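Sequence order for the protein chains is A and B. Mapping the first sequence onto the numbering used here, position 200 (from 1) lands on 259, and the numbers just tick up by one. Mapping the second sequence onto the numbering used here, position 138 (from 1) lands on 155, and the numbers just tick up by one.
No lab work stands behind these hints, which were simulated from the structure alone. Since we're looking at a predicted model, the values are computed, not measured. Be a bit skeptical, because a hint or two may be false.
[Unchecked claim] Simulated crosslink set (BS3-like; lysine-lysine; CA at most 27 Å straight-line): (1) Lys182(A) <-> Lys33(B); (2) Lys182(A) <-> Lys87(B); (3) Lys180(A) <-> Lys92(B); (4) Lys87(B) <-> Lys180(A).
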Amino acid sequence: MLECREITKVYGRKTAVDHVSFEIRPGRIYAMLGPNGSGKTTLMKMAVGLVKPNSGGFYYKDQPVGQESRKEIAYMSTEPYFYPWMTAKDVGRYYADFFEDFSPERYESLLERMELTPDMKTKSLSSGMMAKLKIAVTMARSAKVYLLDEPLNGIDLLARDEIMASIIEAARPDVALVISSHLVDELERMVDTAIFIKNSHLAAVWDVESLRVQEGKSVADKYREIYGHGEGQSC
Amino acid sequence: MLKLMKYEFRKTMFSKMILVAITGIFEIVYLIGVFAKKENLLAIGMMGLVFCAMIGIFCIGIESLSIFQKDLNTKQSYMLFLTPTNSYQVLGAKVIENGISIFLAGAFFAAVAAADITVGVLYIGGVKQFLDLLEQLMISIRVDINISAQDALIVFFAGLTSWLLTIVTADLAIVLSATVFAGKRFSGFVSFVLFILFDIVIGKLLDLLPSLDSTVMTYSMYICVAFVITVIMYLITGWIMERKLSV
Chain A
60 MLECREITKV YGRKTAVDHV SFEIRPGRIY AMLGPNGSGK TTLMKMAVGL
110 VKPNSGGFYY KDQPVGQESR KEIAYMSTEP YFYPWMTAKD VGRYYADFFE
160 DFSPERYESL LERMELTPDM KTKSLSSGMM AKLKIAVTMA RSAKVYLLDE
210 PLNGIDLLAR DEIMASIIEA ARPDVALVIS SHLVDELERM VDTAIFIKNS
260 HLAAVWDVES LRVQEGKSVA DKYREIYGHG EGQSC
Chain B
18 MLKLMKYEFR KTMFSKMILV AITGIFEIVY LIGVFAKKEN LLAIGMMGLV
68 FCAMIGIFCI GIESLSIFQK DLNTKQSYML FLTPTNSYQV LGAKVIENGI
118 SIFLAGAFFA AVAAADITVG VLYIGGVKQF LDLLEQLMIS IRVDINISAQ
168 DALIVFFAGL TSWLLTIVTA DLAIVLSATV FAGKRFSGFV SFVLFILFDI
218 VIGKLLDLLP SLDSTVMTYS MYICVAFVIT VIMYLITGWI MERKLSV
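Work out the full structure: start from the sequences and follow the hints.
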């Protein structure tokens, strides 16, 4: 479905992603794990064409990602990116204008669930409210692939459950979800596969069930094993 | 692309409203001058309107560049590059919106001028009297305008083409700078230096054009060549954005 082939991205002297390959399959939920600076965000941005790789590439349905793939791949950036003059309603209109799979009704219902109102100005939202707005507008699309970069950043404990529930609702046999987060324990309950990125390289890809059965370990245990010695972030 | 243009227009709507508001103030001053037959108010109003037309059109172009620079160097870029559009459409929407805005601004100010002249003729007591008054004002502020409608039109289109070429040249400079110096603080300065360099080169190129027998022919040739260069610059800029630019 979405394939990453030997992709490399270099910023000046720093290699952000180094010859990484993996495949995202439909019907599965993936956790993309790794400490800050390991290359998770760069990978996701390359998957939607925001960042151009130095070599290799992302392919969606065997075609290089670009204009066509963006019709079916929904990406939620960790940074706020809406125009400052926009209200939550304007954000919905913008997405409705550009994405055929966007449902204004679902967006309205998600806004309500996130305790946001359409007249809220994006420039005056707190980081938590902004995170909720980004989730609402992204999950209001009926995409085939969702790439969610740190969707729980800045979100309080109670709102996390609501966000996780709205993410899980998108899971269908023909849909793939990729979620990057430092909160490994939170993700462990819902993901099928864990992708571990370490120092710009792909460290491991584990089916969560196989990990439990074959190694008797949880994703958090594996995380500690891969990033140990204080290198990893809080689980 | 129409949807992209809609949002490009929305981004510049506030400044255009300010321009219309300032124009409105000078229009009122001019009309008071006409109705009350106060020459100083009439002159202030008229000069203000000319000032609004010239500076306003210039600002519309500059604002488009400022927005493009911001669109490429801040996270707002995701609003453009996450949509299922390609870079040629993104750039095209910006250039066309800017061209239309400048054209409409030109048409708007031309309509205001026509209306004001009509009002002036009606209330000052005839065409001759009004033109005499205008002439006196022009002499007093040392301006001499003697131009036919055809010349005005060709100069307007030459100006529009020239301005579009300037915009696309600046867009190329901004894209090159954003591609090589992404996120760096001095990328704006680099864009400016690149723009100056490109502008000098294109200026030299256009200087090579021969002067033809008639002014209209010379201007027409200039418009055609400038348009071709604009298209080439647009394609190069779009290609860099599509293949090399990371936001």
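Which earlier hints turn out false for this structure, listed by number in ascending order?
Going through the list in order, the structure violates no hint and respects every one.
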